[in-house]
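Given chain V, work out where chain Z should sit, using these hints.
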Amino acid sequence: MSNELIQTNTAKLTAAFATALVVAETQIHDDLAYNSIKEWDSTAHMLLIAELENVFNLMLDTDDIIDMSSVAKAKAILGKYGVAF
Amino acid sequence: MSRVSFAHRLEQFGDAIALRLPDNSTISYQQLAKLADEYSTTLHNIVPDQALLALRFSSTLSAVVAYLAALRSGKALLLLAPDLGDSQTLALIERLQIAAVIQASGDIQRTGFSHQVRSDCALLLSTSGSSGSPKSVMLSLANLEANARAICAYLPIEATDTAITALPLHYSYGLSVLNSHLFKGASILLTEALLMSKDFWQQTRDFHISSLPGVPFSYQLYRQLRLERMPRPALRYLTQAGGKLNSSLTDYVQQLSSTLQKPVYLMYGQTEATARIAYLPPELLQQHADCIGVAIPEGELLLRDPVSKALITEDFKEGELCYRGPNVMLGYASSAADLSSNTALTELSTGDLAERLPNGLYRIVGRLSRFLKLQGKRLQLDHLEQQLAIFTDPVCCAGTDDLLVVAYTSPSSDSAEQLQHYLRDQLQLHPALFKLLQLDTLPVLANGKADYQTLLKLAMEANNAN
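First to last, the protein sequences are chains V and Z.
Those letters in the first sequence? Residues 1 to 85, per UniProt numbering, in order.
Those letters in the second sequence? Residues 1 to 466, per UniProt numbering, in order.
Check before you lean on any hint, since a few could be wrong.
To be verified - Across the chosen pairs, the derived CB separations fall in these ranges:
hint	chain 1	residue 1	chain 2	residue 2	range
1	V	L5	Z	A462	51 to 57 angstroms
2	V	N3	Z	N246	41 to 47 angstroms
3	Z	D107	V	A11	36 to 42 angstroms
4	Z	Q255	V	K38	30 to 36 angstroms
5	Z	L439	V	L5	42 to 48 angstroms
6	V	K38	Z	N246	25 to 31 angstroms
7	Z	D49	V	N35	36 to 42 angstroms
8	Z	Q255	V	D63	20 to 26 angstroms
9	V	K38	Z	T313	34 to 40 angstroms
10	V	Y81	Z	E314	55 to 61 angstroms
11	Z	E228	V	I6	49 to 55 angstroms
As the list claims (entries may be wrong) - Rough simulated footprint, nothing fancy, chain V against chain Z, three-plus residues with beta-carbon under 8 angstroms:
hint	region
12	247 to 260
13	427 to 436
Claimed, not checked - Quick list of in silico lysine-lysine cross-link-like pairs, DSS-like style, CA-CA up to 30 angstroms:
hint	chain 1	residue 1	chain 2	residue 2
14	V	K80	V	K38
15	Z	K135	V	K38
16	V	K38	Z	K198
17	Z	K244	V	K38
18	Z	K135	Z	K373
19	V	K38	Z	K435
20	Z	K373	Z	K317
21	V	K75	Z	K198
22	V	K73	V	K38
23	Z	K449	Z	K244
24	Z	K377	V	K38
25	V	K12	Z	K449
26	Z	K198	Z	K309
27	Z	K377	Z	K244
28	Z	K244	Z	K135
29	Z	K457	V	K80
30	Z	K457	Z	K373
31	Z	K317	Z	K449
32	Z	K135	Z	K377
33	V	K38	Z	K373
34	Z	K317	Z	K198
35	Z	K377	Z	K309
36	Z	K198	Z	K244
37	V	K38	V	K75
38	Z	K435	Z	K449
39	Z	K198	V	K12
40	Z	K135	Z	K435
Source of the hints: derived by calculation from the structure; they are not laboratory data.
Everything numeric in this text was worked out from a predicted model, so none of it was measured.
Beta carbons are placed, not taken as given, at the ideal position from N, Cα and C, and that holds for glycine.
Isolated chain V, as found in the complex:
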């Protein structure tokens, strides 16, 4: 996997999080967890899933949606769908 692709995917992921949570991209880091900041609530989580499915053009399994409890976890889950970080 090329570095460029990984960089693009990371940028897309960061942008998707920033859009759904309505926070600055600088606030998006691997340790950021669901419900740890008030911006990442159920509504934002729902928008986030829609955004990720849209940006990476895939459909997440139910188990993966409820498992997506942090940015790092999101990367690991998306990895299963062939999105490299």
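For chain Z alone, kept in the frame of chain V given last:
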């Protein structure tokens, strides 16, 4: 004499399990009665008779015990969101002269106030969910008992069922799930897990949860999670209330019901009627999902001309939806003085416009009063305008149940920031749920009143342009 409410009859179910906790421990009805009575003694020793108490009602054992203790010992109780902010809590304490606040842990904090509450008032619920509005609904034990009884008559709740606290208990719909299951001698799992979390869905499987409730927003989540693909053999039925479903969610609910081969009950209600007012019999879901259905048992729906208040008897004629039944509240309380009023309401005006179809079903066609239901939170727009006018004036609010529109004229970026901050942090609205519009002038009608229709149109255009 039969015991006055389900809270007073806990013992009759003996060793049956009343509450289940996420750590797998269980509390029988007998044990729950004993815990409640022990807590009543504590309350009795600390709090003056007939004074108002408030409870931070988390979905935990200690909070449920405190709730039942208050009902059993005749102490008037105001239910608060567990995370209600300090300043909002303080404002409520002063406004309603609350004598003590029970924390979710069961700890009791005295305030020094001691105002006498009318003896038939058992429970106070906020009209606006978590925003801490001082306007509360006063309910009697008879109200709570009647609504639980009616719910048990039309929903297929069985003594062997286990419900789950998918909705907050300080919210009338969430509370009605607890009350109706206690009425029937069934169980409820007390979980604080969020609807979108892994824990919650594991619990629905591991505890063999028999029913799922949901406001429109919950059904958005169910759709996103693709609930129809989740194997949950113990799940027997679903319920929906807390606002009308939009057309795409209606489609989803119909499809969900037929895919799962399980009934979904669309329900209509208001906190002013304890919780439930009407329901759509589930066999009518595919044909009549646009209707609220029929009155709950023991209740009666009627339509009145909004101006003359005359009864409307013709089919397809629009009027204000009114309701009569034993679950209609005693009245509103916005101040301590209201708590000692002796009002008794026999008929509730819902503020919704409806019509009756020839088959007897009622359908909502509009709304008389200006409020929105955003994710189950009721926002009174006139009240909101007053609150927002502190930051920028003039300000005007309109919207739909999907989007709140706030228009203002001040070009200063401070105004926008303050509005944004208030809506997001105080009212806990996600920015996708509201639209701020800075306009040169606010649209007005020929009579000088705000033109909400035009405002809404401008907002939709601005939203589409983005």
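- prompt: Given the hinted pair K457 (chain Z) and K373 (chain Z), is their alpha-carbon gap at most 30 angstroms?
  reply: 19 angstroms, holds
field: Satisfaction of hint between K38 (chain V) and K80 (chain V), Cα-Cα up to 30 angstroms
entry: 28 angstroms, holds
message: Hinted pair, alpha-carbon criterion (30 angstroms max): K244 (chain Z), K38 (chain V). Please report holds or violated.
response: 27 angstroms, holds
- prompt: Taking the CB of Q255 (chain Z) and the CB of D63 (chain V), does the distance hold inside 20 to 26 angstroms?
  reply: About 21 angstroms separates the Cβ atoms of Q255 (chain Z) and D63 (chain V), which means 20 to 26 angstroms holds.
Outcome, coverage of the region 247 to 260 of chain Z by chain V - at least 3 residues whose beta-carbon is closer than 8 angstroms to one in that chain: Check failed, 0 qualifying residues.
task: Measure nothing beyond the straight line between the CA atoms of K373 (chain Z) and K317 (chain Z); if it is 30 angstroms or shorter, mark the hint as holding.
output: 25 angstroms, holds
Pair hint outcome, K75 (chain V) versus K198 (chain Z) [Cα-Cα no greater than 30 angstroms]: 17 angstroms, holds
message: Just to be careful, I want the Cα atoms of K135 (chain Z) and K38 (chain V) compared with a cutoff of 30 angstroms; is the pair within it?
response: Holds - the C-alpha atoms of K38 (chain V) and K135 (chain Z) are around 26 angstroms apart, at most 30 angstroms.
Outcome of range test on Cβ distance (Q255 (chain Z), K38 (chain V); 30 to 36 angstroms): 33 angstroms, holds
K317 (chain Z) paired with K449 (chain Z) [C-alpha distance capped at 30 angstroms]: Given that 30 angstroms is the threshold and the Cα spacing comes to 27 angstroms, the pair holds.
task: For D107 (chain Z) and A11 (chain V), compare the CB-CB distance with the range 36 to 42 angstroms and indicate the outcome.
output: With a Cβ separation near 49 angstroms, D107 (chain Z) and A11 (chain V) fall outside 36 to 42 angstroms, so the hint is violated.
- request: Starting from the hint 41 to 47 angstroms, judge whether the C-beta atoms of N3 (chain V) and N246 (chain Z) obey it.
  value: 44 angstroms, holds
Checked against the numbered hints given earlier, the structure breaks hints 1, 3, 9, 11, 12, 25, 26, 29, 34 and satisfies all the rest.
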